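Add chain A to chain W, keeping to what the hints say.
Number of protein chains: 2
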Amino acid sequence: MKIAVDAMGGDYAPEEVVLGAIEAVKAYKKYDVVLVGDAKEIRRVMTEYGTTESDRLSIVHAGEVIEMDEHPAQAIRKKKDASIVVATRLVKEGVCDAVVAPGSTGAAVTAALLGLGRIKGIERPCIATPIPSKKGVSILLDSGANSDSKPKHLVQAAIMGSHYAQHIFGIKEPNIGLLNIGAEASKGNELAQTTYPMLEQTKTISFYGNVEGRDITEGIVDVVVCDGFVGNIILKFGEGIALLIMQLVKDSIRNGGLLAKLGAMAVLPAFRHLRKRLDFTEYGGAPLLGIDGSFIICHGSSKAKTIRHAVRVAGELVEEDVVGHIRASIEEEEGQHNDCES
Amino acid sequence: MKIAVDAMGGDYAPEEVVLGAIEAVKAYKKYDVVLVGDAKEIRRVMTEYGTTESDRLSIVHAGEVIEMDEHPAQAIRKKKDASIVVATRLVKEGVCDAVVAPGSTGAAVTAALLGLGRIKGIERPCIATPIPSKKGVSILLDSGANSDSKPKHLVQAAIMGSHYAQHIFGIKEPNIGLLNIGAEASKGNELAQTTYPMLEQTKTISFYGNVEGRDITEGIVDVVVCDGFVGNIILKFGEGIALLIMQLVKDSIRNGGLLAKLGAMAVLPAFRHLRKRLDFTEYGGAPLLGIDGSFIICHGSSKAKTIRHAVRVAGELVEEDVVGHIRASIEEEEGQHNDCES
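Which chain is which? The protein sequence lines are W and A, in order.
FYI, in full-length UniProt numbering the residues of the first sequence are 1 to 342.
FYI, in full-length UniProt numbering the residues of the second sequence are 1 to 342.
Please keep in mind that the hints were generated in silico from the structure rather than gathered at the bench.
Please read all numbers here as calculations on a predicted model, not as lab measurements.
Where hints are given, some of them may not hold.
The list treats identical chains as interchangeable, and a pair is accepted whether it falls inside one copy or across any two copies.
[Stated by the list, open to error] In silico EDC-like links for lysine to aspartate or glutamate, alpha-carbon gap of 16 Å or less:
(1) Lys150 <-> Glu190
(2) Lys203 <-> Glu173
(3) Lys135 <-> Asp251
(4) Lys26 <-> Asp11
(5) Lys80 <-> Glu67
(6) Lys187 <-> Glu70
(7) Lys29 <-> Glu218
(8) Lys187 <-> Asp148
(9) Lys187 <-> Asp69
(10) Lys134 <-> Asp251
(11) Lys120 <-> Asp292
(12) Lys203 <-> Glu332
The following block holds chain W by itself, in its conformation from the complex:
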């Protein structure tokens, strides 16, 4: 299987992206990587790390780059030879099987929509992010592809998240929660109130009901559905809280004298474990679900480890045919819907 990686995307490109790709082909024998971007630059980094091109790690040249300060949709339309556009085209043409795109979320979403299109019946693709919980992981979606979701978008997000949890995280019958400010069906804003009965009537998912912000990390449900505006803010706030905690602990240790320093060294393994659980990047990027193809978006600050994991998640998406499962459920739901109307 061949994964196209946008080697020019993100704050640490191409160095960290190329390094992540080198690590990925070593770690996962069944996935080959095609690095897309400035061939000369990519070759320079590969040489730096003592590697050359091979069947398993090849290069496709792309002469343009989408900069972080460009308007993503306009830039994607204009720059036909941008690395992310070329990477997406490789999948459309059947040369590669999936895309890994570090960097601007807006650019990635636009490139995916224009290059691969949506699964038939899906109105909006959305980003699914695994969040650590007391029971393991909860999948949050939409975590930022859309900023004004409609009830139908949330219902489709629930269907997509259900398949992602099932086929990638091995959860047999994932239960789905609607993110809200109270348990009762009548709670929340207009969007939540309208979406609740629609989720109840969705046959292809197992709807739990409303969940609150606290329930996400409690692991009450496997999949949490919300508007992309809310999802994005939550994820970043979670990052902020984790950073604040690290800072406070470091401060206290610094000001704590010898005993506290020794103590800190003794509990360090606990913190490492903790940080690993809280490190969203550990899970390797987030899939853009609803696109008619396998597409992984990585944070702009992604380093080699994230890229390596993203290659694995991209490969698994293809192997498990998550796109096919989503397509089948959407067809089933739309069929039921049409039956009701006739």
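Quick look at chain A alone, frame taken from chain W:
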């Protein structure tokens, strides 16, 4: 000054509420407390703690209670002798100066609206919550009074939050951030996009621009303005992350052997400090701003410490005349607005 405390509100009423009131009159000599609720019950708890009624700690009987499972707005309208309704009436009649209300947010908001009304010009009251940040505290509002805010509500929240930061937290010229998913004015959902230019034109505040979820704990701004639906979810998610971290650390220490246990004891002071900073209740409830009176809402799970702090915050709200400052700013903004139209 007299603070009316709803002794029957919250999960630990009346015990913890009465204990908190006893502690408050001891700690703050200038604030007297009037406990409102079932007089027999309150007296029983006071006796338990070795206290009797006095000028500084008195009782006003109220024969009814709003239960957590009742529809708040309906229950408040029906139960004229509910403790929270009577407590609010004491302020309206000038017997007391402020209300402290632990328990259901919905019931508290309805009681305040019906009993005291809004400040002239304010369309929606909102809840302001201090959140710990790297620089101390950021005020988040609305944290749950409304679930479908309009742009004007966010502008008024900004004005109210600015006065709260200024007069209660002593921040001279508080800067206000609009919670969004990106820095540019064009980012975000329709609400955020419409609100941004309106905040730019608001004369009585110092508008910083958009802030992201991560920036709340970074302490980039003093006041963060958002829709009540988003604010409530964020607060509860933050609580969840903090609980998850405590859990993970405890697990690791439990499984970590003798050295880790000793180490944990050494860094325990750091954790205590940390938990104190993250404990939203430490700050003593959240004011319901925009009401024509001083009104503090406390979490349903409030214990004595929260009640004690809430009495102090309620007293400070009155002393600093936060209501008067908000009224003046709203008049000024509305005046400007009218000038423009004429």
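Structure-based check of all given hints:
1. In this assembly of identical chains, the alpha carbons of Lys150 and Glu190 lie at most 16 Å apart whether taken from the same copy (10 Å) or from different copies (13 Å).
2. For a Cα distance limit of 16 Å, the shortest separation of Lys203 from Glu173 inside one copy, 13 Å, qualifies, whereas the shortest one across copies, 54 Å, does not.
3. Only between protomers do Lys135 and Asp251 lie at most 16 Å apart by alpha-carbon distance; the minimum there is 13 Å, versus 30 Å within a single protomer.
4. For the homomeric pair Lys26 and Asp11, neither the shortest alpha-carbon distance inside one copy (24 Å) nor that between copies (56 Å) is at most 16 Å.
5. In the homo-oligomer, the alpha carbons of Lys80 and Glu67 lie at most 16 Å apart inside one protomer (14 Å), although the nearest pairing across protomers, at 63 Å, exceeds that limit.
6. For the homomeric pair Lys187 and Glu70, the shortest alpha-carbon distance between copies (13 Å) is at most 16 Å, but the shortest distance inside one copy (40 Å) is not.
7. In this assembly of identical chains, the alpha carbons of Lys29 and Glu218 never lie at most 16 Å apart, being 36 Å within a copy and 42 Å across copies at closest.
8. Only between protomers do Lys187 and Asp148 lie at most 16 Å apart by alpha-carbon distance; the minimum there is 11 Å, versus 19 Å within a single protomer.
9. Taking identical chains as interchangeable, the C-alpha atoms of Lys187 and Asp69 lie at most 16 Å apart only when they sit on different chains, with a minimum of 13 Å there against 39 Å within one chain.
10. With identical chains, the CA atoms of Lys134 and Asp251 are at most 16 Å apart between copies only, with a shortest distance of 11 Å across copies and 27 Å within one.
11. Only within a single protomer do Lys120 and Asp292 lie at most 16 Å apart by alpha-carbon distance; the minimum there is 8 Å, versus 54 Å between protomers.
12. When the C-alpha separation of Lys203 and Glu332 is checked against a cutoff of 16 Å, the pair qualifies only within one copy, where the shortest distance is 9 Å, while the shortest distance between copies is 55 Å.
Of the numbered hints given earlier, the model fails hints 4, 7; all others are met.
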